[in-house]
Every structure is written in structure tokens, then in C-alpha cells.
Amino acid sequence: MDPGSKQPNTLSVSELDRKARSVVMFLILSGIFWLLFGTLLALVASLKMHLPDWLGTAGWLTFGRVRPLHLNTMVYGWASLTGAGVALWLLSRLLKVPIMLRGYIVVAGVIWNIALLIGSIQILAGNSRGIEWLELPVATMVPILLSVIIMSASVLMMLVMRKVKQLYVSVWYLIAAFLWFPLLAVVSSLPIFDTPTVQASMNWWYAHNVLGLWFTPVGLAAAYYFIPKVLGRPIYSYGLSLLGFWGLALFYNWNGFHHLIGGPVPTWFVTISISASVMMIIPVVVVAVNHHMTVVGSFRAVINSPTLRFVVFAAMSYTFVSLQGAMQALRSANEVIHFTHFVVAHAHIGMYAFVTMMLFGACYYIIPRITMREWHSKGLIKWHFWLTAIGIVIYTVALQGIGVFQGFSMINPDVPFTDTVTMTVPYLVARSVSGFLMTAGHLIFAWLIFRMVWRPGEQPATPLVWNKIREEFAS
Amino acid sequence: MMRNTILLFGIIATFAIAMFGLTILPKMFIDEAVKEPTYFTPFEVTEGHRIFVREGCIYCHSKQVRPEGYGADFERGWGRASVATDYRNLLPHNLGTMRTGPDLANIGARQPGRDWHYLNLYQPRAINEHSIMPPFPWLFEVVGEEARPGRDGLRLPEQYRIPGKKVLPTDEARYLVTYLISLDQQIAGVD
Amino acid sequence: MSAGALILVLSSLLIIGGGLSLFLWAFFSGQFDNIQRGSMLPFDEEEPAGKRTDQIFGDEEDLDQNKPYKGEEKIRGSRK
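Chains as they are written, first to last, in our numbering: chain A, 138 to 612; chain B, -5 to 185; chain C, 883 to 962.
For the record, the hints were derived by calculation from the structure and aren't laboratory data. Check each hint, because a few of them may be wrong.
[Said to hold, decoys possible] Using 27 angstroms as the maximum straight-line C-alpha spacing, the simulated DSS-like pairs for lysine-lysine come out as follows: (1) A:K302 / C:K933; (2) C:K933 / A:K515; (3) A:K300 / C:K933; (4) A:K156 / A:K300; (5) C:K933 / A:K519; (6) A:K156 / C:K933; (7) A:K302 / A:K156.
All chains, full assembly: derive it from the sequences and hints.
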């Protein structure tokens, strides 16, 4: 079938990948650095919750500083940098143009990394901005914002110079993401939210929108590309996927205030966000149906591809966490689980089981194709998958299981508050255990990439799936 | 068929946008007719707030009481439903999102004594052995028993005492505790 | 109303308005005209529909998704 009018002088897939190599590898490798650093911070924070006196004399390592730094390094380091690299590669493939402004993006990436490093030191030193998801001092957010704007400029240039007429759904998600994210970052950095409850409203408008209008689009764009690509089968209903996109675009923005249910803000404010949260069920179900109907019957093809193991796991997690979120926004459920560990686990299902696992899957597809090298060990890839998948499942079950009990106990005034804490401790220990599993998985991932990038030339364990490309370049 | 469906969706969406945008805007204009109150906040309280933010207290403690009948905030003696003026225009906001520790919006009324707070900050397990709250020893200084005559050290339980030394709060501990004691719904906010 | 609240509402409207304008552009520039063809966009001559990719853990690869998933065939298959 004709995949859409293709214009003359269009580069081949392998040529596009070759041009993408430096900038995408730079972004992914930067992201992996922050993944490892952020994972270390996660372990420290998790251990401190049940071992509060461990390293207890060091001010710069207190839970109240390590925990927000973990969030900021994972959000603005790992997920954003790797996500940007994956996004640019996808756009290059789908618009059939090389990534524009490549040199500028690498420079921007360097500045991004430096700014984040300085911001990290600032947070540990006690100079956090003090707003959740926005702890990085504004002076360090600005360079990061400028770097994103350079990438957005590249994306718009690629859109204008594209060699295909029709835009695939992943392209829509990505263009939207690169427009929404800078807007969010700019608004949240403005010093105009000058009373506490107004600032709190901005806080949660921002944090939830970063999830839904930056990370979700990148994740879904990846799913919509890799699932058909690996299976060799187009998406079940392309029209449905477009509906899903527009649903997200129109409903998501109003969700954020569901973080303030019961709080000192006008009720109608909160009610609108609850309605929007429930309306999100429509696009979420649409995406789920699409993915499921595309994948059904191809289970073996899924498990034989490292990319799809991670991508399908992530796509299912997206459906799960979104439906769970809609349920949590209802006042009756919120009364119980607000302020408990249930919500922390929910955030990790979103950022880890969905976004992170999706990015792992994307890296497994992209890196061999842009470096033209092979993974040196199939076994290690499987270890990575199982350690991280089992890790996040333990995390979720432990904290959401006890979170519900914690919530019910908290709304029962006959239960002393201290009991609501002691009941969670064994599960906080389980969370630390799961953290060690995920850490092991991350180290394996980093090792696999290190071996591929810096010590190639070993006998590859994976089948050579692009001999044709090698033949092309030999001739 | 698909084309028409999408068109219909677009029309409904336009209506939804208009409904949201046009109901919110007039409401906000009406609500904001209230004049902003003025707060007279002592230096110690603003400094204490700064230290509260620096140490990341909000990651375990909320500072927003839910209305009576919603949750058990009222029954637990945490106070009445928080209102915007309780936060005294101190920024950044610290409404908080977790109750690993109890809500602090009215902690000044529940624990008005400075010594309790000093002890809790220095070593939370000296007060409640099951507490998982981190200690904040850097807000204190450990000096010889005979130093700083006239100033009494913290009354620590047996296992936390340091022989021949006493623990004194630094200025930062004093500011933080002044801030915590100011979190009292009776005196907070506007008169 | 406070400046902050105003900016918050305006930027929310901007985001939604941007979404709406994109929608209208897409509708009138023919993005919705051939829905079925759109689903074929990830594929092209080098990596056509009908061919699986990335079957790294499979022992006996069969990249042609129309064939049953067994039997030994060279990965290269007949591209082009």
C-alpha cells in the first residue's frame, strides 16, 4: 500500500538514522546519567523513610532535600532528556527529514545538563524553590527552558520541511508536546503567583500538565510508532487514535486541581477538575482499545522483541494509571487516599511503569539503528526487563495496598495517628527492596549501552537484522 | 462517516471550551472583589517559614485541614477547614500533599510549648519511639555542660544524652519553632 | 482578580485555543481525508507493512507477519 505521497530527494530510513546519531545519542546518554543519579537518590530517600537516623547528621542528605531532588532529576533529567531524544528521532522518521538544528541542540543539551547539575547542588544545599515539581531554582530552569525552545524550533522546522503530506498521529502528539512544555515552563517560572493558594493552584496545574501534556504525548507517540513497526501491522483504527489525541488536547488541561480536593480553594474550581478527570476516560479507553486490537494475536512477536516487551508493558500501565487517576479524582475515593502512599505509588506507575518503561523500549529500538551496532547480550536485556517490571509491580502493590489501609485508618478518628505510620513501615521496606531491583535493572541497561557505544566489535549475540543497511554502506 | 464524526466532535469540543472559559471568567471576577488583607508577620516567623521550606517539611506534613465531615481532620483535633488567609501570604506555599506525619495547620494550638518542638526536631524518637521523622541535629549545637551558663540544654531521654554535654537550639531552631507555634488557627490570618 | 489567577486562566485558554486552532487547521488541510492511509505512515519501502522487525529473542525468525510464526527463514527475507 502506498504509505502517503513521498516526494523526490527523500532520504532513506538508514540515512535519516545516521544523521540522527550524534544528537539522539547525546540526549539519551545524558538521560541515562540522570537516571543513575536519580536512582541513587531514590534509594537514599526510600531507605531513610524506614531508617530515619541513617546518615541523619548530614543536612544536605536529609529526606526533605533528597526526595525532591530525586523527583527533579528524574523529571528534568532522565525522562525529559531521553524523551526529547526519542521524540526527535521519531519525528525524523515520520516526517522523513533529518533532525534540524542538530548542532544547536547538542549545545543546548550541554547547557541543560550543566543547569540541572547546578540546580541539584542548590537543592541539596537548601536553596530549593520549595514548590513540588518546581524545586529547581528559577535561574536553573531558564536555561533548561531555552534548551527546550531550541528543540521546539527544530521540530517546527522539521514540520515545515517535511517530505510527507499527511501527519501520523505520533507527529501530532510530539508537536503538541513541544509547544505545550515550554508554555508550561514559562508560566510556572513567572513571579506573579503571589498568594499561597493561588500559587498552590498554579503548582498543581503545572505538575499535572507536565505529566499529561509533555510526558504522556511522548510516551503515546512512541507506542503508536513501535507497536505497528515491530509487528509489521498498522494500528487497528487510525481514526480512533486521532480522536484520542484531540480528547487529550481538550480535556487534560483542567485536571490539575484535583490535587486540591478538600483544600482551601473554591469548590467549583475543584469540581471542574474532577469532571475533566472523568472525561479523560474517553481518550484513555480509545488508546487502550486501539493498542489492544493491534497487538492481539501477536503475543509471540511481542515477547520476542525487547522493545515491545517494554512498550506493551508501558502502554498497559498507561491505561491502568489513567483509569485509576480518574477514579481517584472522585470525592469519595479521594477522601480515603488523599495524603497517603497510594498517591505516591500512582505517580510512579505513571512516571515509571508508563514513561520510563516506554523510554527503555524506545532506546532498545533506536540505539542499534542509529549506531549500527548490536546488543552484546540477549540475557542481560531480559534481566533488565524482568528486574524493572517486577520491581515496579512490587512497588505498586506494596504502597497502594497499604495506602488504602492507611487512608481508611486516617479517616477513622479512633485509630491513633502513630498507628497509621507504623502500619506502613513493612511496606516501605518492601518499596526499598523493589528499589534495589529497579536499580539493578538500570545498571544493566547502562552497562549494555556502555558496551555497545564504547566497546563494539564483539561477537554480537543478537541476529543481524539490518544486513541490508550494512551492504548499502559497503558499496 | 469518520469525517462527520470528527466534525461533530470538534463542534462539541468548541462548546465545551466556551462553557469552561465563560463560566470560569465571570466567576473569578466576582470572587476577587474581596480586598487583600494585610499581614504583620514577625521576622522570626518568616525566617522560620524559610527554614521549614529548606528542610522539606512539606514532603511528609500537610498544612491544609479538610472540612468537617470530609475525612477525620476535625475529629482528630487538627482544626477547622483551612482558608486562604491562614497562610499569611508566606511564599512558597506549603499546603503539602502527604500525611506521613500529622497535619500542621494548627500545630501551634496543639503543641504551644517550645521545649516539645525542640526535642521533636532534635530527635523525634525521643518523643515517639515509632516516629519515622528525620532528625535535624544541625539546627542545634552541642556544647560543654558548663558553657553558656544560664541556658538549659534540651531535656533528652537517657539514651540520647551525651555525657558532659548539653544540646542548645541555634537561632535557626528558634525561628523554626516560632514559626511552628504561629501555626494556630485562632491567631493566624486576619482580624 | 489577582494577576496570577488571570494568567493561569488565560494560559489554560491559550492551550485549549491552540488545540482548537490546530484542530481546525488539520480538518481543513485534509489531514482527516484518508484515515485508512494514515495508518500506513510508519511503513515504507525499506520496512514495509507485513514484515516484522526487532525479533531479537526469537530463535527462528519469521519477519513476514502473514506467515505462521514458526519455521526457519533467513532474517533478510525478501525486502523491496
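Results for each hint:
1. For a cut-off of 27 angstroms, the pair hint linking A:K302 to C:K933 stands: about 24 angstroms separates their Cα positions.
2. Taken as a hint, the C:K933 and A:K515 pair is honoured in the structure, with Cα atoms around 22 angstroms apart against an allowance of 27 angstroms.
3. Restraint check for A:K300 and C:K933: the C-alpha separation of about 23 angstroms stays at or below 27 angstroms, so the hint holds.
4. Of the supplied pair hints, the one linking A:K156 and A:K300 holds, its CA atoms being roughly 16 angstroms apart against a limit of 27 angstroms.
5. Between C:K933 and A:K519 the alpha-carbon distance is near 24 angstroms, which keeps this suggested pair within the 27 angstroms criterion.
6. Annotation: proposed proximity of A:K156 to C:K933 holds, straight-line Cα distance about 25 angstroms (limit 27 angstroms).
7. Simply put, A:K302 and A:K156 have alpha-carbon atoms about 22 angstroms apart, close enough for the 27 angstroms limit, and the pair holds.
Consistency with the previously given hints is maintained throughout, with no hint failing.
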